[in-house]
Amino acid sequence: MLWTVARDLLGKLLVVSPQTVNEFREPSSKSKAYRGPHDRAAHSYGGRRTKRTETMYGIGGTAICLFVYGMYNQFNVVTGSRGNSARSIDSRLEPVEGDRLDAQTSSRPTGPKSHQRPGKLCIALGIDRKLDAADLLAERVWLEAQDGIPRFRIATGPRIGIDYAEEWKDKPWRFWNQGQSFYQ
DNA sequence: TGTCCGATTGGT
DNA sequence: CCAATCGGACAG
Numbered sequence: 003m004l005w006t007v008a009r010d011l012l013g014k015l016l017v018v019s020p021q022t023v024n025e026f027r028e029p030s031s032k033s034k035a036y037r038g039p040h041d042r043a044a045h046s047y048g049g050r051r052t053k054r055t056e057t058m059y060g061i062g063g064t065a066i067c068l069f070v071y072g073m074y075n076q077f078n079v080v081t082g083s084r085g086n087s088a089r090s091i092d093s094r095l096e097p098v099e100g101d102r103l104d105a106q107t108s109s110r111p112t113g114p115k116s117h118q119r120p121g122k123l124c125i126a127l128g129i130d131r132k133l134d135a136a137d138l139l140a141e142r143v144w145l146e147a148q149d150g151i152p153r154f155r156i157a158t159g160p161r162i163g164i165d166y167a168e169e170w171k172d173k174p175w176r177f178w179n180q181g182q183s184f185y186q
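Numbering (the working numbering), first residue to last: 3 to 186.
It is worth saying that the hints were derived from the structure and are not from the lab.
Predicted model, so just to flag it, every value in this text is computed and none were measured.
Heads up, some of the hints might be wrong.
SDA-like cross-link-like pairs, simulated, lysine to any residue; straight-line CA separation at most 25 Å [said to hold, decoys possible]:
| id | residue 1 | residue 2 |
| --- | --- | --- |
| 1 | K122 | G49 |
| 2 | K122 | R161 |
| 3 | K14 | R50 |
| 4 | K53 | A167 |
| 5 | K122 | L15 |
| 6 | K171 | R161 |
| 7 | K14 | R161 |
| 8 | K53 | P39 |
| 9 | K53 | Q76 |
| 10 | K14 | L138 |
| 11 | K122 | L133 |
| 12 | K132 | K171 |
| 13 | K132 | Q180 |
| 14 | K171 | E141 |
| 15 | K171 | P39 |
Hey, can you work out the whole structure from these sequences and the hints?
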């Protein structure tokens with residue numbers, strides 16, 4: 003199921019291994035699920051198929067990198083089978099002890115919260131649209147298993163920032179690791 | 001071409 | 001609560 007994938011993303015390490023000096027490794031503490039064409043909150047609602055959403059219709063295991071709000075990039079993961087898909091997961095990551103994200107977010111003062119959310123995360127990891135449609139089984143960006151998270155540690159709640167989504171607004175498709183996240 | 005809006009964020 | 005900020009979607 004879609005939300006099973008979202009839940010399983012928790013605790014995974016997102017690794018972006020570009021040709022740059024740093025290799026950032028971040029464990030996911032939060033995820034959200036968007037259910038393809040039916041979900042009013044999904045960009046692919048109604049089967050909308052444009053340049054921007056095209057990647058969502060690809061095969062599961064592909065990255066989607068979207069530009070949102072004129073300011074931020076967002077990293078998502080496609081789930082489901084080709085054509086059928088139109089589904090994605092959005093993840094939030096927390097810094098690991100000793101990481102070097104602060105160096106990337108530069109000018110502003112940075113605390114642990116400043117780069118854990120999707121927009122700042124992409125800045126920190128250097129994720130942009132160039133990674134759109136990247137194969138997560140290849141060598142640019144991938145997910146690695148870590149220690150599992152006990153099921154009782156995983157909380158769920160409604161997704162945020164989608165007030166327009168009508169009855170889909172209340173679906174409990176946001177997941178987070180209670181032992182790890184700053185936000186609930 | 002013009003207008004409207006957003007899967008965000010940080011500051012009032 | 002609200003502004004920042006601009007590409008994408010869509011109407012015309």
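Verification of the supplied hints:
Between the alpha carbons of K122 and G49 the distance comes to roughly 29 Å, so the proposed pair goes past 25 Å and is violated. With a CA separation close to 19 Å, the supplied pair K122 and R161 stays within the 25 Å bound. As the CA atoms of K14 and R50 are separated by approximately 30 Å, the hinted pair breaks the 25 Å bound. Using a Cα cut-off of 25 Å, the hinted pair K53 and A167 holds, with the two alpha carbons roughly 22 Å apart.
Annotation: proposed proximity of K122 to L15 holds, straight-line Cα distance about 17 Å (limit 25 Å). A threshold of 25 Å between alpha carbons decides the hint, and for K171 with R161 the separation of about 7 Å falls inside it, so the pair holds. Proposed proximity of K14 and R161 is supported: the alpha carbons are some 20 Å apart, at most 25 Å. Annotation: proposed proximity of K53 to P39 holds, straight-line Cα distance about 16 Å (limit 25 Å).
Between K53 and Q76, the direct Cα distance comes to roughly 16 Å. Compliance with the 25 Å bound is thereby established for this hinted pair. Distance check on the hinted pair: K14 and L138 sit about 13 Å apart at the alpha-carbon level, within 25 Å; holds. Under the criterion of a C-alpha separation no larger than 25 Å, the hint pairing K122 with L133 is consistent with the structure, at around 16 Å. Simply put, K132 and K171 have alpha-carbon atoms about 30 Å apart, too far for the 25 Å limit, and the pair is violated.
Of the supplied pair hints, the one linking K132 and Q180 is violated, its CA atoms being roughly 32 Å apart against a limit of 25 Å. Proximity of K171 to E141 is assessed by CA-CA distance (about 36 Å); at most 25 Å being required, the pair is judged violated. Distance restraint check for K171 and P39: the Cα-Cα separation of roughly 15 Å lies within the 25 Å cut-off, and the hinted pair is therefore satisfied.
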